[in-house]
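Participant: Using the sequences plus the hints, can you model the full thing?
The listed protein sequences derive, respectively, from chains S and P.
All residue numbers for the first sequence refer to our numbering, where the first residue is 1 and numbers rise by one.
All residue numbers for the second sequence refer to our numbering, where the first residue is 1 and numbers rise by one.
Simulated from the structure, these hints should not be mistaken for lab results.
One should not assume that every hint holds.
To be verified - FRET-style restraints, in silico, Cβ to Cβ:
| hint | chain 1 | residue 1 | chain 2 | residue 2 | range |
| --- | --- | --- | --- | --- | --- |
| 1 | S | Ala-14 | P | Asp-225 | 57 to 67 Å |
| 2 | P | Gln-221 | S | Thr-595 | 35 to 45 Å |
| 3 | S | His-608 | P | Gly-189 | 40 to 50 Å |
| 4 | P | Gln-74 | S | Glu-538 | 29 to 39 Å |
| 5 | S | Thr-595 | P | Asp-141 | 28 to 38 Å |
| 6 | P | Gln-221 | S | Ser-10 | 50 to 60 Å |
| 7 | P | Gln-221 | S | Ala-14 | 55 to 65 Å |
| 8 | P | Asp-141 | S | Trp-139 | 45 to 55 Å |
| 9 | S | Leu-116 | P | Val-217 | 52 to 62 Å |
| 10 | S | Arg-157 | P | Met-122 | 53 to 63 Å |
To be verified - Part of the chain P face toward chain S, derived, beta carbon under 8 Å:
| hint | residue |
| --- | --- |
| 11 | Asn-41 |
| 12 | Pro-42 |
| 13 | Gly-48 |
| 14 | Leu-87 |
| 15 | Leu-89 |
| 16 | Ser-171 |
| 17 | Gly-174 |
| 18 | Ser-177 |
| 19 | Asn-182 |
Unchecked claim - Anything over 12 Å on all C-beta distances counts as not near chain S; from chain P, calculated:
| hint | residue |
| --- | --- |
| 20 | Asp-78 |
| 21 | Cys-152 |
| 22 | Gly-186 |
We treat Cβ as the ideally placed atom computed from N, Cα and C, and that holds for glycine.
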Amino acid sequence: MQQPESSDLSRILAPVLARHGKDSAQLLQILRDVQDACHHIPAEAIDQIAAHLDVPRVTVEGVVGFYSFLSTQPVGQYRLLFSNNITDQMLGKDDLLKYLCNKLWVEQGRVSEDGLISVDNTSCTGMCDQGPAALINGWPLTNLDQNRLDLIAELIRSQKPVAEWPPMLFEVVDNICRTDVLLGEPFTPGAAIKQVLARGAKETLAEMDQSNLRGRGGAGFKTASKWSFCHAAIAEEEGSVICDIGGNPERFIVCNADEGEPGTFKDRVLLNSHADLVFEGMTVGARVVGASKGFLYLRGEYRYLLEKLEGVLKRRREAGLLGDNILGQAGFSFDIEIHLGAGAYICGEESALIESLEGKRGRPRNRPPFPVTHGYKGRPTVVDNVETFACSARIAEKGGEWFAAMGTAQSTGTKLLSISGDVARPGIYEYPFGVTLRQILDDCGAEDPYAVQVSGPSGVMVSWKEFDRKIAFEDLPTAGAFMVFKRSRDLFQAARNFAHFFAHESCGFCTPCRVGTQLQKKIMDKIGSGHGTICDMEELKRLGFILKSMSHCGLGSSAANPMLDALEKFPDVFERKLKALAFEPAFDLDGALETARRITGRDDEWAHL
Amino acid sequence: MGTFMSKTITIDGQVVPFKEGQTIMDAAMAADVYIPHLCHNPEFTPHGSCKLCTVKVNGRNVASCTMPAVEGQQVLSDTLELNDERLSLTQMLFVEGNHICPSCEKSGNCQLQAVAYYLGMMSPHYNHFYPQREVDASHPDVLLDRNRCIYCELCVRASRDVDGKNVFGLSGRGIGSTLVVNSASGLLGDTNLAATDKAMQVCPTGALLKKRQGFTVPIGQRIFDHHTIKDVQLGDKHE
Ligand SMILES: Cc1cc2nc3c(=O)[nH]c(=O)nc-3n(C[C@H](O)[C@H](O)[C@H](O)COP(=O)(O)O)c2cc1C
Ligand code: SF4
Ligand code: SF4
Ligand code: FES
Ligand code: FES
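Facilitator: Written out as structure tokens, the structure is:
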């Protein structure tokens, strides 16, 4: 891989730095652009960026090291990352990855000698209904099979720029299979804002309160309460950087489009086809809490949506729905900026997301204080899920009572589910809360369903005995993932995949999560390779207890869920794999001699144990 | 207790006064109640990463070094369950790095080791990870041995907040986390770290050592050879 000459580097860097300005919150955005241009972040670029933003070099290096899509070492000019969700695996991803590596003569995780290509795994890219999926230089590839990989290998060998590849490789469809009030009814941009302006901000908050809308990102916090806390917050000015964009004291509206939970892809569809509803919801929120600046934090995997979304924002500005004096209302100013992530599930956690928005490593903050009082740049900030904002726009338009009439008393409205796995019709299904799993499984054509992973790896593994349970905060809360496994599937493999996911995505801040997720992964691998014992099952339970009770954030505290659920509900999937019921060392003595054998060139009887 | 403080919490049943703005850890230390900790040092802003200081407040686990004390909190700390979990965390810290105490210059003065003694650690329990981590001997007066780093970021905080130098930082993610230094070469010798910096006085383990001090105090005569970490950290060395 040719290192760019320093003059080349300056030529690449100058426009990037000029475009992003000198606010250190732009650091991650700058690094993304440099990575795209140079296929890594050269050491000299780190120095120049640090100087430009006036931050220590070590800060820049720390950010580069944190995000999966950034690297200090060159990756291939063509970097192909296979989505490694269990649904991709079920669709044959492992074999496809090997097939491509063989075809291109490249080892997984390494860069080919000529620097042309690197192939590796990445966490779920949110295309589970059209997998196996991958990213090529950040752009999504869907429905992969050997034919498509043959074509891709050819395109890479002939060094055709990705922009000139056949569009059908990049086709991403919505697959909306069931609609209700959120996806099914028409929406005229501006309709909700008009209602808010006619009704008043306070009165809109009252409607939100009456709707009893609860956050769709997973935790289920009541949205009206969050908004009113933020409105009420007078941030402690001490020690915090005060932003002087718009009014003061500044507050912020942040839309969480990190959608990193494996098996979840409903926010992608909302942003692709209902972006106006989402941006309108953010604008409603801005009016209610008194914010003049908003951010859409878009996961790096959805970078392909960026231009389209910028287009929607532009159109809204032109229509007077964003910018100064929105819809002619003097003093109502609000605009939205899109920030891209760079491959880090933890950045979906709201305080880590804010750190990332500030251009830092995505490390969850200590709480209290909470984002509603001390969020972006220390200012009161509302962070809500994409779907939550879409619901808010509907509520602002049609009223709280209308919304509260749907669903159950504690879980009002509808919920978008991202359905994938062993079903005939994977895709997006919108249901009123309270629907049973049985009904859903019927509707999507599940084939001999045995288990469902509701709300992704951090959610619950539900067994066939529980299919009368309901999607609702009071029964099975969900951020949207719904992965179906038929009877013949190996659920151990699913749990093992999730253990790997958490180990890969732990931010590493706290001891229990940094080490505990690794220990889980190692034990699952040990059992998976036929070396497990009863002791290992006990150890998993103990680790689960430590992760749940000692972790710093929700990643660590839910990282044991798949193992604990599987152990409790499907113990046989473990027992089938156990080698012996007594102790079995994790250390493979003979395997440890392998290096020595290679060095000495020996493979005789005495070189083995 | 010189000044009268009206607000109190209880820790393991003992009434402990606190001042507004204090954390549970602050209040505990002021009242001579020891809560095991590694990443906390009262001279610096709390960090909350090692989780050894976890206590149970009204049934929920929280890190006492970052959790503000609030009137009426009932805190449980010295319980079998919590000490057992603290022990597991300590074992995790040992196995994720490469800690060879008998040959380590910090042995006897090391807080990780001392906490392990305190919690009654008899074995590492988990299998060692044997990670490959870099040793940096490029600095004339300082040795950085990443094998012993527990990512407490005390050196990071000290260098940034006291020395005003930002010599240290964290990079990587998850188990791939690594302590990096502020130079293009990645070497400590190319930073402006001085052996007299505050950052050189805070490392709880033997990851950051002054050169040419090897075994000036013989093993057997070091702090934790004679005092528990509890006594030392409560400032009561029973000299
Ligand atoms: C590890 C982790 C990942 C998360 N990822 C997301 C995410 O991708 N999208 C999201 O909306 N919320 C995510 N959350 C939840 C957020 O922290 C936060 O609760 C949510 O954005 C609040 O919005 P809501 O009230 O509208 O649900 C995540 C939480 C954790 C602990
Ligand atoms: S740093 Fe502490 S625990 Fe690690 S080897 Fe040295 S004495 Fe042992
Ligand atoms: S070098 Fe020492 S002080 Fe710095 S982070 Fe590592 S263990 Fe903590
Ligand atoms: S890294 Fe998030 S819980 Fe530890
Ligand atoms: S001392 Fe509190 S988390 Fe480390």
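Participant: With a cut-off of 8 Å on the beta carbons, see whether Leu-89(P) makes it to chain S.
Facilitator: For Leu-89(P), the interface hint holds, since the closest Cβ of chain S sits about 5 Å away, which is under 8 Å.
Participant: Using the C-beta atoms of Gln-221(P) and Thr-595(S), is the stated range 35 to 45 Å upheld?
Facilitator: holds (41 Å)
Participant: Kindly confirm whether 50 to 60 Å is satisfied by the beta carbon distance between Gln-221(P) and Ser-10(S).
Facilitator: Holds - the Cβ-Cβ distance for Gln-221(P) and Ser-10(S), about 57 Å, lies within 50 to 60 Å.
Participant: Would you say the C-beta atoms of Thr-595(S) and Asp-141(P) sit inside 28 to 38 Å of each other?
Facilitator: Distance hint for Thr-595(S), Asp-141(P) holds at roughly 36 Å.
Participant: With a cut-off of 8 Å, does the beta carbon of Ser-177(P) approach a beta carbon of chain S closely enough for the hint to hold?
Facilitator: holds (4 Å)
Participant: Gly-174(P) was flagged as interface toward chain S. Is the shortest Cβ-Cβ separation under 8 Å?
Facilitator: With a closest approach of 4 Å, the Gly-174(P) hint holds.
Participant: Classify the hint on Asn-41(P) as holds or violated, based on whether any CB of chain S lies nearer than 8 Å to its CB.
Facilitator: violated (16 Å)
Participant: Does the Cβ pair Leu-116(S), Val-217(P) satisfy 52 to 62 Å?
Facilitator: Since the Cβ atoms of Leu-116(S) and Val-217(P) sit about 57 Å apart, the hinted range of 52 to 62 Å holds.
Participant: The output says Cys-152(P) does not contact chain S. Does that hold with a beta carbon cutoff of 12 Å?
Facilitator: violated (10 Å)
Participant: Go through the hint on Ser-171(P) and say holds or violated, using the shortest Cβ distance to chain S against 8 Å.
Facilitator: At 3 Å from the nearest chain S Cβ, Ser-171(P) passes the 8 Å test, so the hint holds.
Participant: Against the range 57 to 67 Å, how does the distance between the Cβ atoms of Ala-14(S) and Asp-225(P) compare: consistent or not?
Facilitator: holds (59 Å)
Participant: Honestly, do Gln-221(P) and Ala-14(S) meet the 55 to 65 Å range at C-beta?
Facilitator: holds (60 Å)
Checked against the numbered hints above, the structure breaks hints 11, 12, 14, 21, 22 and satisfies the rest.
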